[in-house]
Structures are given as C-alpha cells and as structure tokens.
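Residue numbers (the working numbering), protein chains in the order written: chain S, 31 to 338; chain B, 381 to 751; chain E, 2 to 311.
Because the hints were derived from the structure by calculation, they are not lab data. Virtual Cβ for every residue (Gly too), placed ideally from N, Cα, C. Where hints are given, some of them may not hold.
Stated by the list, open to error - SDA-like cross-link-like pairs, simulated, lysine to any residue; straight-line CA separation at most 25 Å:
hint, chain 1, residue 1, chain 2, residue 2
1, E, Lys135, S, Phe259
2, E, Lys133, E, Cys92
3, B, Lys484, S, Phe259
4, E, Lys25, B, Lys709
As the list claims (entries may be wrong) - Rough simulated footprint, nothing fancy, chain E against chain S, three-plus residues with beta-carbon under 8 Å:
hint, stretch
5, 94 to 107
6, 271 to 278
Now for the letters of each chain:
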Amino acid sequence: MTLPISISAAQGAQVKRPSRYLRNLNSKIASIPMVLTAVVVFLGGTIWTILYSFTNSRLLPRLSFVGIDQYERLWSTARWMVSIQNLATYGILSLIFSLTIGFLLAALMDQKIRFENTFRTIFLYPFALSFIVTGLVWQWILNPEFGVQAVVRSMGWTSFAFDPLYDSDIVIYGILIAALWQGTGLVMCLMLAGLRGIDEDIWKASRVDGIPMWRTYIFIVIPMMRPVFVTTLVIIASGIVRIYDLVVAQTSGGPGIASDVPAKYVYDYMFFAQNLGQGFAASTMMLLTVAIIVVPWAYLEFGGRKRG
Amino acid sequence: MMHNTVPLRSQYSVSIRELSLSFGAVKVLENLNIDIHDGEFLVLLGSSGCGKSTLLNCIAGLLEPTEGQIFIKDKNVTWEEPKDRGIGMVFQSYALYPQMTVEKNLSFGLRVAGVPKDEIDRRLTRAAGILQIEPLMKRKPAELSGGQRQRVAIGRALVRDVDVFLFDEPLSNLDAKLRSELRVEIKRLHQSLKNTMIYVTHDQIEALTLADRIAIMKSGVIQQLDDPVTIYNRPKNRFVAGFIGSPSMNFMQGVLAEEGGRFLFQTNGVSFSLEGYQASETLMPGRAVILGARPEHIKVDGDIVGGEVHEAIVDIEEPMGADNLLWLKHAGHTMSVRIGGARRYAPGSKVRLAFDMTMASLFDATTEERI
Amino acid sequence: MDKSLTAMPNLAGADRLSAGPQGKRPRKVLSGRNIMVYGALTFAAIYYLLPLYVMVVTSLKGMPEIRMGNIFSPPMEITFEPWAKAWASACTGLNCDGLSRGFWNSVKIMVPSVIVSIAIASVNGYALANWKFKGAELFFTILIIGAFIPYQVMIYPIVIVLRELGLYGTIYGLILVHSIFGMPILTLLFRNYFVSLPEELFKAARIDGAGFWQIYFRIMLPMSLPIFVVAMILQVTGIWNDFLFGVVFTRPETYPMTVQLNNIVNSVQGVKEYNVNMAATLLTGAIPLIVYFVSGRLFVRGIAAGAVKG
C-alpha cells in the first residue's frame, strides 16, 4: 500500500521542482576539476602531509605515530637551523630591498619620463626568466676566477675580495643579489600601478598647497598606497618561503650546507635521504611560516571588506 | 624672476593674455583673453573636452601654457609655482589627503610653509566657522559624507588666505539634491568673502545661478563672455544659443525677405514677421539665416499679446509639474513651447502661436553668428 | 620675448602682451632633476642588462679567450660552436646529447598543459562568475588559499596518487600537475574577467534561451580573447620555467629543459665549459624571453592581474 503512494509523491515533487542537486548541473560539472583540486589535492594533500609528519615514515609512508619526535629532531638538526637562518636573513633583506628598490624605481618611472616603455621592459625582463637561468648567470658573474672579483682585481685593486658563492659566511648575499635582479622588476610594476592609481587631483592639491614632492610621497602617497604595499609584501613573502630553484642552480646549497634553505631540506629528505617523516615535518613548518604571513593579511582583507 | 611692476589695469584680479596651449599638434586652448574683475564670480562653462579645466589648470599653474601670459593681482605669474600665485583650488574628487584628519588636511600646507602655530590656529578656526565644520575637525575624510568632504576641500582653499579661488567642477560628484544645496552655500560664501572666484562646470544651471559672468567655451575657444542674462537672451552664435537653455532653443532654417519695408523670415513657404527683432547689422533680403526662439518665447493661445498669429498642431505634451511642454508641428518644423502647468492640450489639437521677436535670435546660416 | 611677434599673425593680440615672462617656462634639458632621474634609471638599467650581456658575450667566446680575459669584454673572435654544442652534445651526468632532448620534452609538456589548464580554468571561472551554485564560493576560497600553500607540502601525496594511476614519471603526470597548480591563478583571472563583463549580456542570452555551453562558446569566448592571451603568456612562461615539478615528477628521459640545463651546468664531471653553459642558459631562457618581448604590455597585464589580486 505504501509503495505506490510514495512513488507518486516523489513524482509530484519532481514536477514542482526538479531536484535541487540537478539545478545548474552544467555549472557543477564544469566545477568538478576545481572541487577535486581544492578538496583532494590542496586540502587532502595538506592534511595528509601534516598527519604523516607525526609518524616515523622512512622510505615509505607508514601510519605509526611517534608524536612530535620528527619536529624535535628537526629543530635539533644543524642543517635545518642553517636553513632557517638563511631563510630569515634572505627573507628580511629581500623584503626590505625589493620594496625599497621597487618603489624607488617606480617613483622614478612616474616622473613623466621619456622612454618609459624601454625602461620598464629592461627592469622586468629578468622576471620572465626562470630561477634556474637566473641562478646560473649569477653563478657565472660571481665566479671568483673569471667574474666580478677577477675583473676588479685586473683593474688594479689586487686585494679586492668579493666571492660570495664560495664563502659560507656571505653566500646568502650572493643569492640575494640574484633574487633581487630577478624579482624587483615585478615589485616596480606593482608599485607603478599603485602610483598610477592615485588620483591626479591629490598631486595637484599638494602642489597648490606648496608641499615639496618628497614630502608628498612620504606623507600622502605612500600612506595611500598601503594596500598595494601589503599585497606586494604578501606576494614577495610567500615567494621567499618557497625559494628553492635559485639555490639549487646557483650554489646547490653549498659551500657545504651554507646556503641551504627549508624547501631544499624538504626535497632532500623526501627523495634522497629516504626519511619521509623528516621531510613532512619540515614541509609542515614551511606551511606554518606561510600561514603566519598570509592568515593575518587574509583576515584584514576580508574583515576590511565586510566593514567597507 | 622678472616681475612686471607697472600695474596694467589694476581693477583686474586675474588677467589672461593671448593664452594658448597645445599638446603637440593638438591645440587645446587658442588665443584666450579674459580679464576678471576683483571679486567677480566667473564661470567657465562647456562640455567635456572644451578646454575649460585646462584653462583653470593653467591659471593655477598646474599646466604650462605654450603661449601667453597670466596675471594675478597685476603680477605676472606665468612662470610662478602654484603655491606662489595666491590661489586656492577645490577639486571635483575633493583630493583630500585620506590618511589625515580634517584638521591636518587644512593645516598641512601651512605647516610645510612654516606659518606660525597661532596663525595656523586662527585661520583654521575662521575657516571652520565659515564652513561650519567645527565638529568634523578630528575625523578622517573616509568618515565624512560627500557634502562634508567638499566643504573641507573648500576649507583647504580658505585657510590659504588667498585672493583667488579656483573651483574645478566641485559639485559634479554629488547627488542632485546635495548639489543644489551646496550651490547655494557657494554663492553665500562668495557674497560674504567677496573673493574672486573662477568656477569650472558643465552644468548650465550652476553657471546661470552662480556667475557674475559666464565664459562659454568650445574647442579651446571662448564663444561668448557675458553676464548670464545676456548669454541667455542674446547668444552670440548658434552654439551658445543651443548650449544654454533646457529644453533647447528652437531653430528654423530659412531666408530673409523684405515686403513693404518689413522684414520677413521665410521657411517652407511660411513667413514670419521679424518686427521687433533688434538686429546688430543691416538685414539683407535673400540671406540664408537661422531663426532661434526659446520655448518660453513662443506664445500660445491665451498668452498671445499681439503680433502675427500662426496655427499649429500639438504633437506631444510633456507635463512637468510647474510647466507644461508642448511639442508643436508647424510648417514642417517641430518646436517646443513652454506653457503653464495647468493648461493641457490633447495631441492632435490645434493651437494658435505667435513668436516674441524681441526675444528671438537670428543667426547667419553659414557663419552661425548672431545677426 | 620676440617670440610673440613672430609666432602670432594676430598683431592686435600680440599688443596685449606686456614685458615679462610669457609662455612656457624655459627649462634646461640638463636640469639637476633630469640628471638625477635619468642617471638613476640608466644606472639601474645597466645593472639589469648586464647579466644578459654577459651571457651573450660569454656564449660567443672560445674557452681560451674566456680563461685569458674579462667576462665583460666583447668576444675578439665570435664562435657559434658553444651554441651547437649546448644544443646537440653537451653532457649531463647521464648522457651527452645536449639540451635538444630537454627542449622537446618541455614543448611536449608545455603545449598540452597550457591547453588543458586554460580550458579547465576558463570554464570554471565562467561557472563561478555567471552560474553560481551553493558552495561554489567555498571551494573557490579553498582553491585561492591553496595557491599560498608551499608546493612541498602537497608534493608527496601527489606522488602517491600518480603512482597509483600509473602516471608517475610520465609526461602525462606532469601535465596533470601543471593543470592542477595553474588552476588557482587562472580561475581567478577568468572569474574576475567574466565578472567584469556586463551582466545584461548574460541575462539577455538566457532570455533568448541559450544554455551553459552555448553562452560560453557563442558569447563569452569571442569576447575574451585578450584574457586568453594573458592566460597563455602566464602559463607558457610559468610552465617553461618550472623546475621543482619537473625534477620531482619526471625521469631523466623526460626531464624538462630547466632540469636538464641545471644538470649540464652543475654536472661535476669533466672540464667546465663556461661558454657552452652560457649558450645553454640562453637557449633555455629564449622561449620566455621571446614571449616577453613579443607580448609586452599583455605580459605586464598578466602579472599585474595575477599578482595584485592573488
């Protein structure tokens, strides 16, 4: 008795409204790759790695939990400490220099100059090149036997010493020079877009007020560009944490382990040292670093939007 | 820097002499000459791209002219920096410094110029009083309404203690209601301060209500520089006649004819007597002309006081509350006529109409200049 | 000051001018400000151009000349031998058939990756912009946040999945990986573009009875050519320049060009041939450089769209 009734009820419902899961079906089909990527790869993969960082997996991932052993070992490994120090030094200097140089270049470009397109093309072309190419060129330029050091010495300053790639104390600065060469063009472009976004009337008003140009930049324009600075900062910073290719190409982490970085540590432990647990723990630390940078920013962005 | 110490004509507050500006081959301003009296409210009126804002920027010193001179208070300021010209400027986008409070916004220029602190305070208090923005002094621009922001922007010009105020479409970003309110306030401000004000706008109502004189511009050339009444009633050319007035003036193409000592305007086989029209030159029969008449200068039925009466057919009626706008068909022309709001006509009905030729305009058909 | 008399035919007008400044303020071309601005820009330009110059001159010198001289001096005798060697016979640790193998591998990886990733992301961005369904924004947010997660965190699970699918080490596996990691930025790019198109257009098409795919192919696609070009520039350079995914997900036979270049230059065996290395480096950088110089403003637009909003 109940069966026919339930069928007719279902049919009735279908006539009124086709199942809500079938509405917009094409759109849902088109979004399958996005949903899979977001849920399986990004969310699933991240959770998987974090989970396995608490195991003692070596050659193959195994679910035998050892608590925070891997993290304790990580933070007592000299190589990891060097990586972290390098990342901190490189990161802080890279942020300061790329923001400063990028902004200065953008401000110069904004002076209604001639050949603006030529200059922009020159400043930005390294950004089109890969880190591998960048690393190899600067490896050659900084080569102590033939590069800058040799050239300066041949000009008479025989005691001139600039050999960052073979001096473990300053090797990270050698990498910094190459990274700045590659990336400041991008910062310049972002800053220039920010400067061009400033209402021209603001500049006119400050001229009528008789405010010198440098003061207008510092007290009016830069504060107005705060969102551009923050966004640029987040982009540079999340790039810094990932730095890998450049180091591999320029120094292979050497001399010794002097220019090692977390991303290289992770790769080596996962694919060479057959110590997956260490690799997972180290990569989780990388994730944490990025989260510390991105979460407050995202919070501010979205919080700000809600208020606005 | 060379100064012209001999006063030219000292009653002028701002004088523009032979001013031209071109960007490459494009001429933006061409041989402009304007003398602005002390305390005068001059409006530069035109559609976008006519050069009115460019001219204002030249006066402010934000753009350099290619040719010509600018005098402010009898001082040749052609090469002076904006801050040394004795001007204050108000912008369409307000251009308030967003990170500073209203107080800082007003005082920033003075502090940079090294004005003593008590003097700054005195000026701030005065400006805040005049503009009634005392309660807003500690707020930032983002926390102000559009009208309040514009008031602060005016305040920034006010504290500079200058002779000449420049306004660059200051009300264009506001909604219609606020616009008419602030328009009155600007007029009141001018009446109490008695400064020279140069005001750029594309809004003819703003121009007609505020101006002592209006300069109507087109393609970098001043078409007419006169008081609002003259501009409205005796436009110098067809462009000015069509630009000012809403709905626009009615135009009819035709030729002049003479009949027994009276001049006639003939179009599509119909003649209108030009009796009462005050021509500025001798009329010649046979000359191709354009007759222009504003909607309120064409009289219908009961409004007719005399003169030649024609018959027309009502095409469309547009009641607008206080007024009623009739679109009439006559002699192959469509013309708009403004009548009282209470008088209604059905489409298709016949009306009698008569032109008030004392208020009409005649233009040469080729030069489009007033005859 | 005589300028006014000669320049203007209208003498009556010229009479109105008085002595003193008129017209443009005279400016020295070599003002202090100009010297500073152009000086600084030129100095910076030299710094940015120097490595490219060094690459070119080194690659055209013979090894003896390199050992003798200075890396900045132009070649005394131009030779293209390093280029030929870099292309056809330079040695990695494993084999000696030059960069050509890596070049063709990179082409085989890049072309399908670019097509697949753009196809998926454009349809996806379109769905997000015009056919929102419940939950779509959530997945999109996860996707965008995912763009900030270091790849190292997700690499190993992907290795396992690809191994299970039998794609690990193959070009197809790498294509899949590029399509996945290109998705956040491309989807964002397309979504923002489609949102910026007038919504009335989409509504009108729906009232005319067009469906999801019809609107996409007939209306959205023809209007979005520039953004497809921007996406292509972004992907071609991005995939060509990739190193990490190449080294993790392929085997030596299928290594992309960047990995092979690194192996050639940083190979510890044999005598270092700097000229061959620089020729190889230039060859690897050639494709993105050509894309960059040809696309010009669109490249800038691509990185600006990708970076500022990402």
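A quick look at each hint next to the structure:
1. Lys135(E) - Phe259(S): Violated, because 34 Å separates the two Cα atoms, which is more than 25 Å.
2. Lys133(E) - Cys92(E): 53 Å, violated
3. Lys484(B) - Phe259(S): 24 Å, holds
4. Lys25(E) - Lys709(B): 55 Å, violated
5. 94 to 107: It is violated: at least three residues are needed, and the stretch 94 to 107 of chain S offers just 0 whose Cβ sits closer than 8 Å to chain E.
6. 271 to 278: holds (count 5)
Violated hints, in rising order: 1, 2, 4, 5; the structure is consistent with all others.
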